[in-house]
Amino acid sequence: MPLCSTRCGKNAVLKRPKTGDALCKECFFEAFENEVHFTITRAELFKPNSTVAIAASGGKDSTVLAYVMKLLNEKYDYKLKLFLLSIDEGITGYRDDSLDTVKQNRDDYEMPLQILSYKDLYGWTMDEIVSEIGRKNNCTFCGVFRRQALDRGANLLKVDYLATGHNADDIAETVLMNILRGDLARLNRCTSIITDSGDGIPRVKPLKYTYEKEIVMYAYFRKLVYFSTECVFAPNAYRGHARVLLKDLEKN
Amino acid sequence: MTDNVEISIEFGGGAELLFDNKKLHIVKLPVKDKQWILGDLLFWIKDNLLKERPELFLQDGSVRPGILVLVNDADWELLDTVNYVIQPKDRITFISTLHGG
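First to last, the sequence lines map onto chains A and B. Using this note's numbering, you'd call the opening residue of the first sequence number 109 and step up by one each time. Using this note's numbering, you'd call the opening residue of the second sequence number 2 and step up by one each time.
Treat the hints with care, since some could be wrong.
As the list claims (entries may be wrong) - If the Cβ cut is set under 7 Å, some of the chain B residues that face chain A in the computed set are:
| id | residue |
| --- | --- |
| 1 | Gly-67 |
| 2 | Glu-78 |
| 3 | Leu-79 |
Stated by the list, open to error - Restraint ranges, calculated between C-beta atoms of paired labels, are given here:
| id | chain 1 | residue 1 | chain 2 | residue 2 | range |
| --- | --- | --- | --- | --- | --- |
| 4 | B | Asn-73 | A | Glu-138 | 14 to 24 Å |
| 5 | A | Ile-287 | B | Asn-73 | 37 to 47 Å |
| 6 | B | Gln-36 | A | Ala-151 | 44 to 54 Å |
| 7 | A | Val-283 | B | Lys-90 | 41 to 51 Å |
Since the hints were derived computationally from the structure, they do not count as laboratory data. The structure displayed is predicted, hence computed values, not measured ones. Think of the CB as a built atom: it goes at the ideal place given N, C-alpha and C, for glycine as much as any other residue.
Let the hints inform the model, and build the full structure from the sequences given.
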């Protein structure tokens with residue numbers, strides 16, 4: 109078993125995809141958290157004494173984001189007030205279960221939680237939409253609705269920022285999708301760390317430079333509980349092809 | 002000739018969905034002429050534990066990209082991946098990264 113690259117003397121537990129370094133658990137936690145802190149400070153993502161809604165699905169990315177935001181806010185005294193904001197799309201056997209995970213996050217991290225539903229906002233659940241339009245382009249509809257639902261939730265909570273758990277792999281997939289679709293406008297803006305949806309509430313991506321492997325390893329070693337069932341409507345999504353292509357490209 | 006090798010196999014992050022939603026499997030690997038390496042174990046799992054869609058677990062003689070493998074809580078990329086020689090009481094963990102929010 110190789111030793112930690114930092115020469116701390118401990119056994120390594122992880123090979124970092126970004127650098128190839130072998131790190132022990134403690135040095136990995138420190139590197140992971142420091143890099144998110146560096147991302148936040150270098151891009152000046154948050155002003156002190158402001159409020160931030162964390163878009164929380166109960167999945168690995170938003171669970172890690174909520175955990176790390178709480179940790180860094182306390183460690184570096186960002187002076188942020190953190191909220192969780194979840195969207196209930198109305199997908200039986202998927203979102204109903206994942207919202208239980210979000211409620212667990214609310215209790216564990218002591219953050220107020222706001223849940224908004226498609227049914228309340230639009231009068232339709234995703235289940236009802238799919239029964240009308242069939243199982244094609246579901247994620248495209250759902251993605252547009254969710255984006256707007258998050259905007260409305262952020263307005264309702266009167267927060268200063270909306271933080272999402274988009275990671276480096278997500279952004280690489282989005283770049284590929286926009287190239288394959290020839291969508292130059294989106295290709296141009298999809299990598300921005302701060303975007304504005306026109307309502308004055310910036311959307312920020314603190315995990316933009318964090319690799320998916322490290323997010324999953326971080327959650328595993330920190331024993332964070334997250335929800336990991338694929339959405340029942342997702343298998344036909346275009347993103348899935350981009351994801352497979354990206355993973356294949358990564359293999360040497 | 003070696004004795005049966007008893008190990009535990011864990012699935013997480015959604016990988017358990019391919020295994021009847023069962024996360025922990027304690028198994029005895031049968032005796033064979035050569036030592037068991039992790040690459041052999043992948044095919045043994047496919048033949049003995051996997052319930053559905055093998056292409057979501059195995060690809061080109063290794064795990065499908067996006068599945069992380071740990072041996073006793075250490076990244077298999079530090080342990081020569083498929084060539085790691087399995088020891089009795091090892092705990093091998095497979096975590097899918099592919100199931101999103």
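Hint check:
Contact between Gly-67 of chain B and chain A, as hinted, is supported at the beta carbon level, the nearest pair being about 5 Å apart and thus within 7 Å. For the restraint placing Glu-78 of chain B at the interface with chain A, the shortest Cβ-Cβ distance is roughly 4 Å, inside the 7 Å limit, so the hint holds. Given the 7 Å rule on beta carbons, the hint for Leu-79 of chain B holds: about 5 Å separates it from the nearest Cβ of chain A. The hinted window of 14 to 24 Å between Asn-73 of chain B and Glu-138 of chain A holds, with their beta carbons roughly 22 Å apart.
The hint said 37 to 47 Å for the Cβ distance between Ile-287 of chain A and Asn-73 of chain B, and at roughly 41 Å that hint holds. Between Gln-36 of chain B and Ala-151 of chain A, the C-beta spacing of about 50 Å keeps the proposed range 44 to 54 Å intact. In this structure, Val-283 of chain A and Lys-90 of chain B meet the distance hint of 41 to 51 Å, their C-beta atoms being roughly 44 Å apart.
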